[in-house]
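The whole structure should be built from the sequences, with the hints applied where relevant.
So the protein lines, in turn, are chains A and B. Here the working numbering runs 1497 ahead of the position in the first sequence, where the first position is 1. Here the working numbering runs 1006 ahead of the position in the second sequence, where the first position is 1.
Be aware that one or more of the hints could be misleading.
[What the hints assert, rightly or not] Cβ-Cβ distance ranges computed for the label pairs, FRET-style:
#1 A:R1513 / B:D1521: 52 to 60 angstroms
#2 A:H1712 / B:A1370: 36 to 44 angstroms
#3 A:V1653 / B:L1533: 38 to 46 angstroms
#4 B:A1370 / A:V1546: 50 to 58 angstroms
Since the hints were derived computationally from the structure, they do not count as laboratory data. Please read these numbers as outputs of a predicted model, since none were measured by experiment. Quick reminder that beta carbons are idealized off the backbone N, C-alpha and C, glycines included.
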Amino acid sequence: MKIGYYPGCSLLGSSREFDESVRALSRAIGLELVEVPDWNCCGASSAHVLDHKLSLALPARILAQAEAAGLTEVLAPCAACYNRLTSARTELAQDPAAAAEIAAIIELPVTGRVKVVNVLELLDRFQDEIKARTKAPFRRKVACYYGCLLVRPPKVVAYDRPEDPHSMDRLMALAGAEPIEWNFKTECCGAAFSVTRTDLVARMSGRIVADAARHGAEAIVVACPMCHSNLDLRRPEINAQLDAPSQVPVLFITQALGLALGLDPVALGLQRHMVPALALQPAAVGKD
Amino acid sequence: MSRIGVFTCHCGENINGTVDCAKVAESARTVPGVVHSVDYKYMCSDPGQSMIKAAIKEHDLTGVVVAACSPRMHEPTFRNAVAEAGLNPYLCEMANLREHCSWVHEKGDAATQKAADLVRVIVEKVKRDAPLQPIKVPVTKRALVLGGGIAGIQAALDIANSGHQVVLVEKSPSIGGHMSQLSETFPTLDCSQCILTPRMVEAARHPNITLFTYSELESLAGFIGNFKATIRRKSRSLDEKLCTGCGLCTTKCPNKKIKDEFNEGLSTRGAIYVPFPQAVPNKPVIDKLNCTYYKTGKCKVCEKVCPTGAIRFDQEDELVTLDVGAIVLATGFKLMKTDQFPEYGYGKYKDVVDGMQFERLASASGPTAGAMKRPSDGKPPETVVFVACSGSRDRSKGVPYCSKVCCMYTAKHAMLYKHKMHGGKAYVFYMDIRSSGKDYDEFVRRAIEEDDVSYIRGRVSRIYEEDGQLVVMGADTLQNGRPVEIRADLVVLATAVQAQDGSEALAQKLHVSYDPYKFFAEAHPKLKPVETNTAGIFLAGACQAPRDIPETVAQASGSAAKVAALFSRDELTREPIVAVVNRLPPPTFSYCVGCFLCQSACPYQAIEQEQIKARDGSVLRTLAKVNPGLCQGCGTCVATCRTKAIDIQGFSNEQIFAEIMTL
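What follows is the structure in structure tokens.
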């Protein structure tokens, strides 16, 4: 199977390991990623608050580029990219006048033919492969953390439950993990305030880490670069204000599944984390 | 030869401002058959009507066309006037020059031309009108009330007290409904059961009321004044005549783990049970789904202990068919359950309860005997958070409407809590406080000012459990959306009031319309609030929309008054706009070939088979016959009939074709 791939800016920079693990896992389950040619920024957290047309034009161009390359579906691993691409696509499909205007701006047709999927949605289709290829079951208690964007807004995403999602738990269970019941599956991590209000983010992300740890999580599994960087990169700030500092590692779901499938931890980028995660795999194998 | 009079009304400026009424009157004079045509400023006024009456006599008119407003507005006015002048009222018709022309078009020759056309069309129709007589149908003076909550009880009592028979049907084992579950009632804090149970007893003892508990409507046929209702009396597995209501069986039932519906699952009951101590009738019922004997064929403990031998395991449901003249629908509501709220724990936290569960916790007859104890561990809750608008006014929950009773009962809950736990802390999260009712706002102010309940304007985004407490995360929108976090021992969700389960199926059984949320629809939101679109079926209480007790009782009495008015007559008259199968002498003549396609097409089961018999009794032909009592004049059979044997009186095929051909 072949699918379009839109890495977005995070996966080239702060979340290189997400890109590496998506590619590694795709190879392992027989999925060919075709990068969207000449892709651009999705607009992410800035465009839609500054200029409505810009927030539609940027994603529309990405989708138009994908369509021109003969793709029918694009994987957007970053939750913010996914949100922008699906939101813009939905809005343009419902508003032909806006679609025409945007088409004129980007000088490419806006047809709405290319669909957008996130990692969870995509991996859901590979349940059999994941189950069959799991060599080193990920025998850990995991807190599946969806964050605020991945399954929302329900009108646009229409996939999984917006308040109490389960798709990631289901996938992790397939790979041998034990997803825990906890409180903050969809709580906000503080997102881009990481830069301007690090103190706020430390508090918001802190309660997420603390709740996961309190419920016995041995790893937090995410599918969003922003969530990952806040829970991982900001761990020193988080731990500074936690009663019980925690070293529970934060993994992208593609890394966690990659480990279960027996892929090389370094190929999955596990060495790039701030909270040590490399040590996870031998223990998992040892327990097997 | 027709002699038609045309009377064109200016309706002040309403018509004449756009249409040249004098020209319309003039053009009408040229239509063949018209012998008199005038225009006048207000035809509906007394002088206008007198003008018509005088013209009928002077010109010996055989038909009248009033070109004015909608027939919905003034057709009765003009038909009465025509009847007073000695003409059959159905020979008078209206051309709608207002809604169909002047109000929707610009002033000009085209509008005047259209008005003239409309008049011509109706003239052609009136030329072919036949004199008709209103249909008279008898009335069965017995009412059926569906639902034995406060709405049904009140309606039944009022009808019974006006001297008519009532059959009160309740699906559960006792009457009383939701009101019997409430602890206290707003805005007076009097005990709900204390004011309800006398009514329940009165209903049970009233000589004019027949009580069918544990029963449901199976089917309904017929029409206003002449319904035929079939009631399924579900088997209680009990000979009610022998049972003394001693209750021994209920204490000996070995199966004690069944969730008690009356206590909203906060306590358990046996498989043979009386729902609550004041139940009417105070006779037990066996819950067959949970009874050990019905499941395994063994047990029968209740049978062994019953001192009067009243248990009947082999008892079957009984179907009773009744003739009734009117029906009051009072089937009530249901409350959205806490498991509809993923953000509030999907119903998995025992200490997140709904409003009705809190009523049981606060009730002296409840599982805690009225002591404030939380469900999970029986600890007295020191902090309680009440969340108003849980599900209501929330499109994502499919409930855009306001549930109306929650603002008041939440204030009541917080008060009851504070009265029982003086040192406790009560918080209410709300969107708006809607307390418009007599003494209602004062009641809410009392909760805030005298009982020190903290009202926080904002929504709760999430509730989660931490260290045996519930953490309630919300926002205070009166403080710029400041995040609020409260650690509570108990959370009460004022969940949305929704239509009762099965209301859609019931509405379809009764041919009553319902709204998108499955509440039964009134015939007119303002002027016919207790009527349904089906004549003879009325509404009371929360089956129509969320309602509190005072409103429910008022509406029930309103329905009862409508029923009493209906029963004050021995016969009903109906408009004769019904279908007829053409029949001419000799007795066998009709275009009808007896295919009965019309019978399957009729939505009202109004078409019967009529056998034309010879003198020796042999059947010569079988023809369709329309029951004028059932027929609603929809015309479906007319369109279906292959031989054009059916016509709607007053709207015959010939008339409609003539109207079209004149254009």
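Results for each hint:
1. Checking the proposed 52 to 60 angstroms range against R1513 of chain A and D1521 of chain B shows it holds: the Cβ atoms sit about 55 angstroms from each other.
2. Separated by about 40 angstroms at the C-beta atoms, H1712 of chain A and A1370 of chain B satisfy the suggested range of 36 to 44 angstroms.
3. The beta-carbon spacing between V1653 of chain A and L1533 of chain B, approximately 43 angstroms, falls within the hinted interval of 38 to 46 angstroms.
4. Evaluation of the 50 to 58 angstroms hint for A1370 of chain B and V1546 of chain A yields a pass: the beta carbon distance comes to about 56 angstroms.
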